[in-house]
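Asks: This is what each chain is made of:
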Amino acid sequence: MKKNFIERLLPIFALLTWVFLFGIMLILFIEGTPIFKSVPLFRFIFGRHWYPVHEPPEFGILPLICGSLMVTAGALIIAIPFGLGCAIYLSEIANRAVREIIKPFIEMLAGVPSVVYGFFGMVLLAPFIQRIFHLSIGLTAFTASVILGVMALPTVASIAEDAISSVPKALREASFALGANQWETITRVVVPAAKSGIFASVILGIGRAIGETMTVLMVAGCCAVITPNFFKPVRPMTATIAAEMGEAPMGSMHYHALFAIGLVLFLITIGLSLIAEHFKER
Amino acid sequence: MLKFKKLGLLILIASFVTVYSSEARKRPNTLTITGSTTVLPIAQRAAEEFMESRPKVNISVRGGGSGVGIAALIDGTCDISDASRPIKTKEITTCRSKGINPVGTVIAKDGIAIIVHPSNSVKELSLDQLKAIYAGEISKWSEVGGRTKPIVAISRDVASGTFEVFKKLVLKGDKTKADALMLASNKAVATAVVGAPDAIGYVGIGYLSSDVKSLVIEGVTPTNETVVSGEYKIARPLFMYTDGKPKGLAKEFIDFILSKEGQKIVENVGFVPIK
Chain A
1 MKKNFIERLL
11 PIFALLTWVF
21 LFGIMLILFI
31 EGTPIFKSVP
41 LFRFIFGRHW
51 YPVHEPPEFG
61 ILPLICGSLM
71 VTAGALIIAI
81 PFGLGCAIYL
91 SEIANRAVRE
101 IIKPFIEMLA
111 GVPSVVYGFF
121 GMVLLAPFIQ
131 RIFHLSIGLT
141 AFTASVILGV
151 MALPTVASIA
161 EDAISSVPKA
171 LREASFALGA
181 NQWETITRVV
191 VPAAKSGIFA
201 SVILGIGRAI
211 GETMTVLMVA
221 GCCAVITPNF
231 FKPVRPMTAT
241 IAAEMGEAPM
251 GSMHYHALFA
261 IGLVLFLITI
271 GLSLIAEHFK
281 ER
Chain B
1 MLKFKKLGLL
11 ILIASFVTVY
21 SSEARKRPNT
31 LTITGSTTVL
41 PIAQRAAEEF
51 MESRPKVNIS
61 VRGGGSGVGI
71 AALIDGTCDI
81 SDASRPIKTK
91 EITTCRSKGI
101 NPVGTVIAKD
111 GIAIIVHPSN
121 SVKELSLDQL
131 KAIYAGEISK
141 WSEVGGRTKP
151 IVAISRDVAS
161 GTFEVFKKLV
171 LKGDKTKADA
181 LMLASNKAVA
191 TAVVGAPDAI
201 GYVGIGYLSS
211 DVKSLVIEGV
221 TPTNETVVSG
231 EYKIARPLFM
241 YTDGKPKGLA
251 KEFIDFILSK
261 EGQKIVENVG
271 FVPIK
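Sequences listed follow chains A and B, in order. Residues in the first sequence are numbered consecutively from 1, following my numbering. Residues in the second sequence are numbered consecutively from 1, following my numbering.
Bound conformation, chain A alone (with noise of 0.2 Å):
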């Protein structure tokens, strides 16, 4: 009787994440759409002037786009050999004694809240950097990629882990029977039959990188232009919305081009979870 009231309660939980998710789309698109009235969606995404209190106002966020994208791109190019690196030593090479102590520490590493590495980037990693690069300041795209890297590191490699640990010991012991070493076994067997949960953990990875706020707009530097240079400062779209939702009127032009970044953040993040979905389905 009680496991029947329980198992029947499951799925509207369930259903609850449905709830929330089409809640929060449902308000970014009523809070966000009334800005392309008066500003056409092509000159929003496209235009390349964010001058959001200026008169008149410039609502171009393509250098936010580009924010976002560069330092989510720098996060990746850490986080991922780091972290896949680290989840094949964990489950394929280290001894368990190793693996007990690394992998709670691993764990930590994600707990730690999002302003203190931001402060971390800002007092310590930032001015390191300005050093070593002789940058005029070292509030950058660069630093920011640094330490998201090492933010998206944890999910990479607990995901990448639980993937590659999951592979059947059949394979492995087959892949020994023919004669394979330890490093053929893992780079031929292991790894390619891991792959759907590695590239979701990419995936996760990014989702984290790209979502992250506090650090960037703390170590970012917040410049609203296009530059390929990773040693310049950009502005994330996340560090946009944060400074400036607290002032923005309620209703303004202002309010309104805030949710519709906040919108085109949310669609990227849904594109990279349907795109990794049709990856894992291959």
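Hints in this document: simulated from the structure, not taken from any laboratory. Don't take each hint at face value.
Keeping only pairs whose Cα atoms sit at most 20 Å apart, straight-line, the calculated SDA-like set for lysine to any residue is [stated by the list, open to error]:
{"id": "1", "chain 1": "B", "residue 1": "LYS168", "chain 2": "A", "residue 2": "PRO57"}
{"id": "2", "chain 1": "B", "residue 1": "LYS123", "chain 2": "B", "residue 2": "LEU208"}
{"id": "3", "chain 1": "B", "residue 1": "LYS98", "chain 2": "B", "residue 2": "GLY136"}
{"id": "4", "chain 1": "B", "residue 1": "LYS168", "chain 2": "A", "residue 2": "GLU58"}
{"id": "5", "chain 1": "B", "residue 1": "LYS167", "chain 2": "A", "residue 2": "HIS254"}
{"id": "6", "chain 1": "B", "residue 1": "LYS245", "chain 2": "B", "residue 2": "SER97"}
{"id": "7", "chain 1": "B", "residue 1": "LYS167", "chain 2": "A", "residue 2": "TYR89"}
{"id": "8", "chain 1": "B", "residue 1": "LYS177", "chain 2": "A", "residue 2": "GLY47"}
{"id": "9", "chain 1": "A", "residue 1": "LYS195", "chain 2": "A", "residue 2": "GLU277"}
{"id": "10", "chain 1": "B", "residue 1": "LYS167", "chain 2": "B", "residue 2": "ASP211"}
{"id": "11", "chain 1": "B", "residue 1": "LYS168", "chain 2": "A", "residue 2": "HIS54"}
{"id": "12", "chain 1": "B", "residue 1": "LYS175", "chain 2": "A", "residue 2": "GLU58"}
{"id": "13", "chain 1": "A", "residue 1": "LYS232", "chain 2": "A", "residue 2": "VAL123"}
{"id": "14", "chain 1": "B", "residue 1": "LYS167", "chain 2": "A", "residue 2": "PRO57"}
{"id": "15", "chain 1": "A", "residue 1": "LYS232", "chain 2": "B", "residue 2": "GLY136"}
{"id": "16", "chain 1": "B", "residue 1": "LYS90", "chain 2": "B", "residue 2": "GLY76"}
{"id": "17", "chain 1": "B", "residue 1": "LYS177", "chain 2": "A", "residue 2": "GLU277"}
{"id": "18", "chain 1": "B", "residue 1": "LYS175", "chain 2": "A", "residue 2": "VAL53"}
{"id": "19", "chain 1": "B", "residue 1": "LYS172", "chain 2": "B", "residue 2": "LYS187"}
{"id": "20", "chain 1": "A", "residue 1": "LYS232", "chain 2": "B", "residue 2": "LYS140"}
{"id": "21", "chain 1": "B", "residue 1": "LYS168", "chain 2": "A", "residue 2": "HIS254"}
{"id": "22", "chain 1": "B", "residue 1": "LYS233", "chain 2": "B", "residue 2": "PHE163"}
{"id": "23", "chain 1": "B", "residue 1": "LYS88", "chain 2": "B", "residue 2": "LEU208"}
Here are some, though not all, of the chain B residues that point toward chain A, as calculated from beta-carbon distances under 8 Å [stated by the list, open to error]:
{"id": "24", "residue": "GLY65"}
{"id": "25", "residue": "LEU181"}
{"id": "26", "residue": "LEU183"}
{"id": "27", "residue": "ALA196"}
{"id": "28", "residue": "GLY219"}
Model, not experiment: these values are computed from the prediction. Using N, Cα and C, we set each Cβ at its ideal position, and we do this for glycine too.
Add chain B to chain A, keeping to what the hints say.
Replies: For chain B alone, coordinates are given in the frame of chain A:
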């Protein structure tokens, strides 16, 4: 019988509600303050200390912006309206038509210091030079008498009151150049300037420290004295508006802010005391 009991209960509740709500509107011990988010920290801290010494008094402080505060004063939903700018002529007209006579009291000043790295040889700038730096027309320190290095301009984010003052008094309606850094707090700007020899930034005068050098602007050093006297130009008064001259609890509260103790709060939260 039960019905009557229910009815009686309802009447009792209703009468309580009426008494309570009519009381709430003109309870002598409550004060509602709305308005400028710049003034908010002053009002908040002052209210806390004020209530500590007067346990019966209840002060609620809200932000919303100067315009919101003055609208609330017009609607009669607040007793004191905080404003980081003088009331506009249009707002005065609306006030008059509703029979409200807005009277402003200056409670503090908000001064903005221009800061550079202590190693920077530039000591002084004119307002025009400062504007040109932030608008992107001057991009090298050598153009204002310094070393041949590019200037890294650091601004506050557009949501801050500090940016608002800077935009009005320095940029005078011009745009900040796109590659100026926009940082989220006075502290972040100061930290960035401490670490960057070629940077220029601006912070509230309360955030000056010995780690940075403040520039002389139009021949005037930014200090509490020059801001109060009006000699230093990048500053603005902060107001509290009331309907008519402040009286009763509102007067007590404003007097408290103008007292030695209150002005200390003003200084502690980063603004310039006027007394």
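Asks: Hints first: check each against the structure and report whether it holds.
Replies: Now the hints, each set against the structure:
Proximity of LYS168 (chain B) to PRO57 (chain A) is assessed by CA-CA distance (about 15 Å); at most 20 Å being required, the pair is judged to hold. For the given pair, LYS123 (chain B) sits about 16 Å from LEU208 (chain B) by alpha-carbon distance, which is consistent with the 20 Å threshold. For the suggested pair LYS98 (chain B) and GLY136 (chain B), the alpha carbons sit about 46 Å apart, so the restraint of at most 20 Å is broken. As the CA atoms of LYS168 (chain B) and GLU58 (chain A) are separated by approximately 18 Å, the hinted pair is consistent with the 20 Å bound.
Under the criterion of a C-alpha separation no larger than 20 Å, the hint pairing LYS167 (chain B) with HIS254 (chain A) is consistent with the structure, at around 17 Å. A distance of roughly 18 Å separates the Cα atoms of LYS245 (chain B) and SER97 (chain B); the hinted pair therefore holds under the 20 Å criterion. The hinted pair formed by LYS167 (chain B) and TYR89 (chain A) fails the criterion: a straight-line CA distance of about 55 Å is larger than 20 Å. For the given pair, LYS177 (chain B) sits about 16 Å from GLY47 (chain A) by alpha-carbon distance, which is consistent with the 20 Å threshold.
Note on LYS195 (chain A) and GLU277 (chain A): the hinted pairing holds, with a Cα-Cα distance of about 13 Å set against a maximum of 20 Å. Distance restraint check for LYS167 (chain B) and ASP211 (chain B): the Cα-Cα separation of roughly 25 Å exceeds the 20 Å cut-off, and the hinted pair is therefore not satisfied. As the CA atoms of LYS168 (chain B) and HIS54 (chain A) are separated by approximately 11 Å, the hinted pair is consistent with the 20 Å bound. Our distance criterion of 20 Å between C-alpha atoms is met by LYS175 (chain B) and GLU58 (chain A), whose separation comes to about 11 Å.
Proposed proximity of LYS232 (chain A) and VAL123 (chain A) is supported: the alpha carbons are some 18 Å apart, at most 20 Å. For the hint linking LYS167 (chain B) to PRO57 (chain A), the alpha-carbon distance of about 14 Å falls within 20 Å, and the restraint holds. A threshold of 20 Å between alpha carbons decides the hint, and for LYS232 (chain A) with GLY136 (chain B) the separation of about 16 Å falls inside it, so the pair holds. Between LYS90 (chain B) and GLY76 (chain B) the alpha-carbon distance is near 18 Å, which keeps this suggested pair within the 20 Å criterion.
With a CA separation close to 42 Å, the supplied pair LYS177 (chain B) and GLU277 (chain A) exceeds the 20 Å bound. Straight-line distance between C-alpha atoms of LYS175 (chain B) and VAL53 (chain A) comes to about 10 Å, which keeps the hinted pair within the 20 Å bound. The suggested pairing of LYS172 (chain B) with LYS187 (chain B) is violated, with an alpha-carbon distance near 25 Å, which exceeds 20 Å. Straight-line distance between C-alpha atoms of LYS232 (chain A) and LYS140 (chain B) comes to about 17 Å, which keeps the hinted pair within the 20 Å bound.
For the hint pairing LYS168 (chain B) with HIS254 (chain A), the CA-to-CA distance comes to about 19 Å; that is within 20 Å, so the pair holds. A distance of roughly 15 Å separates the Cα atoms of LYS233 (chain B) and PHE163 (chain B); the hinted pair therefore holds under the 20 Å criterion. Of the supplied pair hints, the one linking LYS88 (chain B) and LEU208 (chain B) is violated, its CA atoms being roughly 32 Å apart against a limit of 20 Å. For GLY65 (chain B), the shortest C-beta to C-beta distance to chain A is roughly 7 Å, which falls under 8 Å, so the interface hint holds.
Look at LEU181 (chain B): its Cβ gets to within about 5 Å of chain A, closer than 8 Å, so that hint holds up. The beta carbon of LEU183 (chain B) is positioned within 8 Å of a beta carbon in chain A (closest approach about 7 Å), and the interface hint is therefore held. Checking ALA196 (chain B) against chain A by beta carbon gives a least distance of about 5 Å; that is within 8 Å, so the hint holds. Checking GLY219 (chain B) against chain A by beta carbon gives a least distance of about 28 Å; that is not within 8 Å, so the hint is violated.
Hint compliance for this structure: hints 3, 7, 10, 17, 19, 23 and 28 are broken, all remaining hints hold.
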